[in-house]
Amino acid sequence: MTTTKTFNQRDLIFKKGIALNAIGIVVLLAVIFVTILFSSRESISEFGLGFVFSQNWDPIGLNFGALPFIVGTMLTSILALLISLPFSLAIALLLGEYSPKGKFTGFVRSMIELMAGVPSVIFGFWGLYYLVPHIRNLQMALGILPYGVGIFASSVILAIMIIPYSSSVAREVITMVPRSLKEAAYSLGSTRFEVITKVVLPYARSGIIAGILLSLGRAIGETMAVTMLIGNNNEIPKDIFAPANTMASVIANEFAEAQAGLHMSSLFEIGLLLFIISIVINLIGRLVIHSINKSGGK
Amino acid sequence: MTNKLSIELDPRQIRRRKVLNTLFSATIMILSILSIIPLFLILTHIVKEGFSAIKPEFLVSLPKPVGEPGGGIANALVGTIMLISIATILALPVGIGAGLFLAEHPKSKMGELVRLSVEVLQGIPSIVIGLIVYMICVKPIGNFSALSGGIALAIMMLPFIVRTTEETLKLIPTTLKEASLALGAPYYHTILQVILPAGLNGIITGVLVSIARIAGETAPLLFTAFGNPFMNMNPLKPIATLPHLIFTYAISPYDDWHALAWGAAIILLAFILLLNFGARMVAGKFGMDHSA
Numbered sequence: 152m153t154t155t156k157t158f159n160q161r162d163l164i165f166k167k168g169i170a171l172n173a174i175g176i177v178v179l180l181a182v183i184f185v186t187i188l189f190s191s192r193e194s195i196s197e198f199g200l201g202f203v204f205s206q207n208w209d210p211i212g213l214n215f216g217a218l219p220f221i222v223g224t225m226l227t228s229i230l231a232l233l234i235s236l237p238f239s240l241a242i243a244l245l246l247g248e249y250s251p252k253g254k255f256t257g258f259v260r261s262m263i264e265l266m267a268g269v270p271s272v273i274f275g276f277w278g279l280y281y282l283v284p285h286i287r288n289l290q291m292a293l294g295i296l297p298y299g300v301g302i303f304a305s306s307v308i309l310a311i312m313i314i315p316y317s318s319s320v321a322r323e324v325i326t327m328v329p330r331s332l333k334e335a336a337y338s339l340g341s342t343r344f345e346v347i348t349k350v351v352l353p354y355a356r357s358g359i360i361a362g363i364l365l366s367l368g369r370a371i372g373e374t375m376a377v378t379m380l381i382g383n384n385n386e387i388p389k390d391i392f393a394p395a396n397t398m399a400s401v402i403a404n405e406f407a408e409a410q411a412g413l414h415m416s417s418l419f420e421i422g423l424l425l426f427i428i429s430i431v432i433n434l435i436g437r438l439v440i441h442s443i444n445k446s447g448g449k
Numbered sequence: 002m003t004n005k006l007s008i009e010l011d012p013r014q015i016r017r018r019k020v021l022n023t024l025f026s027a028t029i030m031i032l033s034i035l036s037i038i039p040l041f042l043i044l045t046h047i048v049k050e051g052f053s054a055i056k057p058e059f060l061v062s063l064p065k066p067v068g069e070p071g072g073g074i075a076n077a078l079v080g081t082i083m084l085i086s087i088a089t090i091l092a093l094p095v096g097i098g099a100g101l102f103l104a105e106h107p108k109s110k111m112g113e114l115v116r117l118s119v120e121v122l123q124g125i126p127s128i129v130i131g132l133i134v135y136m137i138c139v140k141p142i143g144n145f146s147a148l149s150g151g152i153a154l155a156i157m158m159l160p161f162i163v164r165t166t167e168e169t170l171k172l173i174p175t176t177l178k179e180a181s182l183a184l185g186a187p188y189y190h191t192i193l194q195v196i197l198p199a200g201l202n203g204i205i206t207g208v209l210v211s212i213a214r215i216a217g218e219t220a221p222l223l224f225t226a227f228g229n230p231f232m233n234m235n236p237l238k239p240i241a242t243l244p245h246l247i248f249t250y251a252i253s254p255y256d257d258w259h260a261l262a263w264g265a266a267i268i269l270l271a272f273i274l275l276l277n278f279g280a281r282m283v284a285g286k287f288g289m290d291h292s293a
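Chains D and A supply the protein sequences, listed in that same order. Mind the numbering: the first sequence is residues 152 to 449 in the working numbering, read in order. Mind the numbering: the second sequence is residues 2 to 293 in the working numbering, read in order.
Pulled out of the complex, with its shape left as it was, chain D reads as follows:
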């Protein structure tokens, strides 16, 4: 009897221990949120809602507004998505529909996986010494100021970096399209192109959108490559070639040298905004994926 009792006690301790780890994760998230909220309190109480709409960024006059960085983040990420979309869709269709098995597909798949593993700082390094000179030539040909670095350079690098993410979600959903639907379309005499555009893509639509949302979340929070290529300019960019700053890059550039007080607190508030935006986008994307997984397709 005594041994069973100790076993029971040990079981209880063990179960509590496991639950403690799980609770620890919830607590960690709460600590993260409270810390960042607490650290931005000075800036929140000083500037209020105006912080989001003001385009001043003046560390000497202690007047701060996040608009240039919000605009910079949105411009770079959306441009990156637009650039990457045809490529990631093509890869998703190749791997999911055209030839899920086969040597060439296997090769493309491992290369894409490899690409997902390349660290952001290496993308940025390469972008700085390979891509930027090319972009500078392009700008000279177009007759605009040849900065090289700027929104456009960052978007191109971001586009390359998010291809693995957006294509992998899209591929998964495309492979989930029921065979019977496709066969029905083929038996009616459709070509492969027609099956893809009229059956596969409409069926996989929500999954493709989820993939786009998840890669948008990544692009918004991406720091190193963008910091190296964006040109570090705290003004609202006038065109897509202009140097700018994103929310992540301004934190990376200024935080280490920021004076404690309003400057640091404003950078924290930018971090808070970044945190909220990426979490909302991520959660919507995951929600869509969950509902697809539950319904087994559409």
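Watch out, some of these pointers could steer you wrong.
As the list claims (entries may be wrong) - With a Cα cut of at most 27 angstroms, we get these calculated DSSO-like pairs of lysine-lysine:
| # | chain 1 | residue 1 | chain 2 | residue 2 |
| --- | --- | --- | --- | --- |
| 1 | A | K178 | D | K166 |
| 2 | D | K167 | A | K171 |
| 3 | D | K333 | D | K254 |
| 4 | D | K252 | D | K333 |
| 5 | A | K110 | A | K178 |
| 6 | A | K108 | D | K166 |
| 7 | D | K349 | A | K19 |
| 8 | A | K110 | A | K171 |
| 9 | D | K252 | D | K349 |
| 10 | D | K252 | A | K19 |
| 11 | A | K110 | D | K445 |
| 12 | A | K171 | A | K108 |
| 13 | D | K445 | D | K349 |
| 14 | D | K254 | A | K178 |
| 15 | A | K108 | D | K445 |
| 16 | A | K171 | D | K166 |
| 17 | A | K110 | D | K167 |
| 18 | D | K166 | A | K110 |
| 19 | A | K19 | D | K333 |
| 20 | A | K108 | D | K167 |
| 21 | D | K445 | A | K171 |
| 22 | A | K178 | D | K167 |
| 23 | D | K445 | D | K252 |
Stated by the list, open to error - Anything over 12 angstroms on all C-beta distances counts as not near chain D; from chain A, calculated:
| # | residue |
| --- | --- |
| 24 | S53 |
| 25 | P57 |
| 26 | V61 |
| 27 | L63 |
| 28 | K65 |
| 29 | P70 |
| 30 | G71 |
| 31 | G72 |
| 32 | S86 |
| 33 | H106 |
| 34 | I142 |
| 35 | A183 |
| 36 | R214 |
Said to hold, decoys possible - For each label pair, taking beta carbons as the anchor points, the in silico distance ranges come out as:
| # | chain 1 | residue 1 | chain 2 | residue 2 | range |
| --- | --- | --- | --- | --- | --- |
| 37 | D | E408 | A | G71 | 29 to 35 angstroms |
| 38 | D | M225 | A | L60 | 38 to 44 angstroms |
| 39 | D | E408 | A | L60 | 29 to 35 angstroms |
Keep in mind that the hints were calculated from the coordinates and are not lab data. Since the model is a prediction, treat every value here as computed from it, not as a measurement. Glycine included, C-beta positions come from ideal geometry on N, C-alpha and C.
Please build the complex by placing chain A on the supplied structure of chain D, with the hints as guidance.
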């Protein structure tokens, strides 16, 4: 009358559809090939620029000041290894525990909350994690430190470990657990001696993949580990890491430092590839065990 039943087949239209189909297939192929070209450009560029820097002394000596040729990245190698060790030690027990909890209580309210928290954690931008660790670790200690860098990386690793543990344990047949419990083994014994060993390969794979993911992270280290041009073994002092060294040397104006950074990029990429390869080897074994 019969004409209406048969479908009109205009040969020109058929040809048009066929051409369109071929064009579409070709576009898919071309776009796919175009998307992997940047990878080749990056790899060849890194090897071309960095290969000359890699000599035996590159791995064991410290960076030299500007103007002196040679030098190495020993401090950053030590730093990266130390940070990864700290992060793994911190994240592994909590991650496996929480993953176990999720696998054991998949439908409970608490389980849902934990799962949501893991998803939110995974979505936090890495630079924001750097900011938070600065507040909760760097500021109280008073200086940048290897420990704070390790904590930042641990937070980044945690969601991956939880998810892979949960997914692996879910695949283990319940009969295994039931058999153990039916033999009279207590619950904790069943988990520790039956369930976890059965999922060991899957968990190891997850850990290797998550190490590969954090090994190249730079943003969370900017205000935590900070970087250090000298050798440091003290976890409470600032420390150099491979990705951070690449960043600082890459944006410096000196060619000598660029060469060092390219060399460091080769080492970092090779390390990440090795980890991924190792993960795949372990995962392959795992798959075979299951079919057997």
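The hints, checked one at a time:
1. A distance of roughly 15 angstroms separates the Cα atoms of K178/A and K166/D; the hinted pair therefore holds under the 27 angstroms criterion.
2. As the CA atoms of K167/D and K171/A are separated by approximately 20 angstroms, the hinted pair is consistent with the 27 angstroms bound.
3. Distance hint between K333/D and K254/D is fulfilled; the C-alpha atoms sit about 24 angstroms from each other, no more than 27 angstroms.
4. With a C-alpha separation of about 18 angstroms, the suggested pair K252/D and K333/D falls inside the 27 angstroms cut-off, and the hint holds.
5. A hinted pair counts as satisfied when its Cα atoms are at most 27 angstroms apart, and K110/A with K178/A qualifies at roughly 23 angstroms.
6. As the CA atoms of K108/A and K166/D are separated by approximately 16 angstroms, the hinted pair is consistent with the 27 angstroms bound.
7. For the hint pairing K349/D with K19/A, the CA-to-CA distance comes to about 16 angstroms; that is within 27 angstroms, so the pair holds.
8. Restraint check for K110/A and K171/A: the C-alpha separation of about 18 angstroms stays at or below 27 angstroms, so the hint holds.
9. Using a Cα cut-off of 27 angstroms, the hinted pair K252/D and K349/D holds, with the two alpha carbons roughly 23 angstroms apart.
10. For a cut-off of 27 angstroms, the pair hint linking K252/D to K19/A stands: about 24 angstroms separates their Cα positions.
11. Taken as a hint, the K110/A and K445/D pair is honoured in the structure, with Cα atoms around 18 angstroms apart against an allowance of 27 angstroms.
12. Our distance criterion of 27 angstroms between C-alpha atoms is met by K171/A and K108/A, whose separation comes to about 13 angstroms.
13. Distance restraint check for K445/D and K349/D: the Cα-Cα separation of roughly 23 angstroms lies within the 27 angstroms cut-off, and the hinted pair is therefore satisfied.
14. A threshold of 27 angstroms between alpha carbons decides the hint, and for K254/D with K178/A the separation of about 40 angstroms lies outside it, so the pair is violated.
15. For the hint linking K108/A to K445/D, the alpha-carbon distance of about 14 angstroms falls within 27 angstroms, and the restraint holds.
16. Straight-line distance between C-alpha atoms of K171/A and K166/D comes to about 18 angstroms, which keeps the hinted pair within the 27 angstroms bound.
17. As the CA atoms of K110/A and K167/D are separated by approximately 16 angstroms, the hinted pair is consistent with the 27 angstroms bound.
18. As the CA atoms of K166/D and K110/A are separated by approximately 16 angstroms, the hinted pair is consistent with the 27 angstroms bound.
19. Between the alpha carbons of K19/A and K333/D the distance comes to roughly 18 angstroms, so the proposed pair stays at or under 27 angstroms and holds.
20. A hinted pair counts as satisfied when its Cα atoms are at most 27 angstroms apart, and K108/A with K167/D qualifies at roughly 18 angstroms.
21. Proposed proximity of K445/D and K171/A is supported: the alpha carbons are some 17 angstroms apart, at most 27 angstroms.
22. As the CA atoms of K178/A and K167/D are separated by approximately 19 angstroms, the hinted pair is consistent with the 27 angstroms bound.
23. Using a Cα cut-off of 27 angstroms, the hinted pair K445/D and K252/D holds, with the two alpha carbons roughly 26 angstroms apart.
24. For S53/A, the condition that its CB be more than 12 angstroms from all CB atoms of chain D holds, with the nearest at approximately 15 angstroms.
25. Look at P57/A: its CB is around 23 angstroms from the nearest CB on chain D, clear of 12 angstroms, so calling it non-interface holds up.
26. A cut-off of 12 angstroms between C-beta atoms confirms that V61/A is not in contact with chain D; the least separation is 23 angstroms.
27. The beta carbon of L63/A sits about 20 angstroms from the closest Cβ of chain D, which is more than 12 angstroms, so the claim that it is off the interface holds.
28. In this structure K65/A is separated from chain D by more than 12 angstroms, as the shortest Cβ-Cβ distance comes to about 20 angstroms.
29. The Cβ of P70/A lies farther than 12 angstroms from every Cβ of chain D, with a closest approach of about 20 angstroms, so its non-interface assignment holds.
30. At the 12 angstroms boundary, the C-beta of G71/A stays outside the reach of chain D, the nearest C-beta of that chain being 21 angstroms off.
31. Chain D leaves G72/A outside its interface by the beta-carbon criterion, the shortest separation being 18 angstroms against a cut-off of 12 angstroms.
32. For S86/A, the non-interface assignment is confirmed: its Cβ lies about 19 angstroms from the closest Cβ of chain D, beyond the 12 angstroms cut-off.
33. Distance to chain D contradicts H106/A as a non-interface residue, since its nearest Cβ pair spans about 8 angstroms, not more than 12 angstroms.
34. At roughly 15 angstroms, the least C-beta separation between I142/A and chain D is larger than 12 angstroms, which holds for a residue marked as non-interface.
35. Non-interface status of A183/A relative to chain D is upheld: no Cβ of that chain comes within 12 angstroms, the nearest being about 15 angstroms off.
36. Chain D draws R214/A into its interface by the beta-carbon criterion, the shortest separation being 8 angstroms against a cut-off of 12 angstroms.
37. The beta-carbon spacing between E408/D and G71/A, approximately 31 angstroms, falls within the hinted interval of 29 to 35 angstroms.
38. Between M225/D and L60/A, the C-beta spacing of about 43 angstroms keeps the proposed range 38 to 44 angstroms intact.
39. For E408/D paired with L60/A, a C-beta distance near 32 angstroms keeps the hint of 29 to 35 angstroms intact.
Of the hints listed earlier, those the structure fails to meet are numbers 14, 33 and 36, in rising order.
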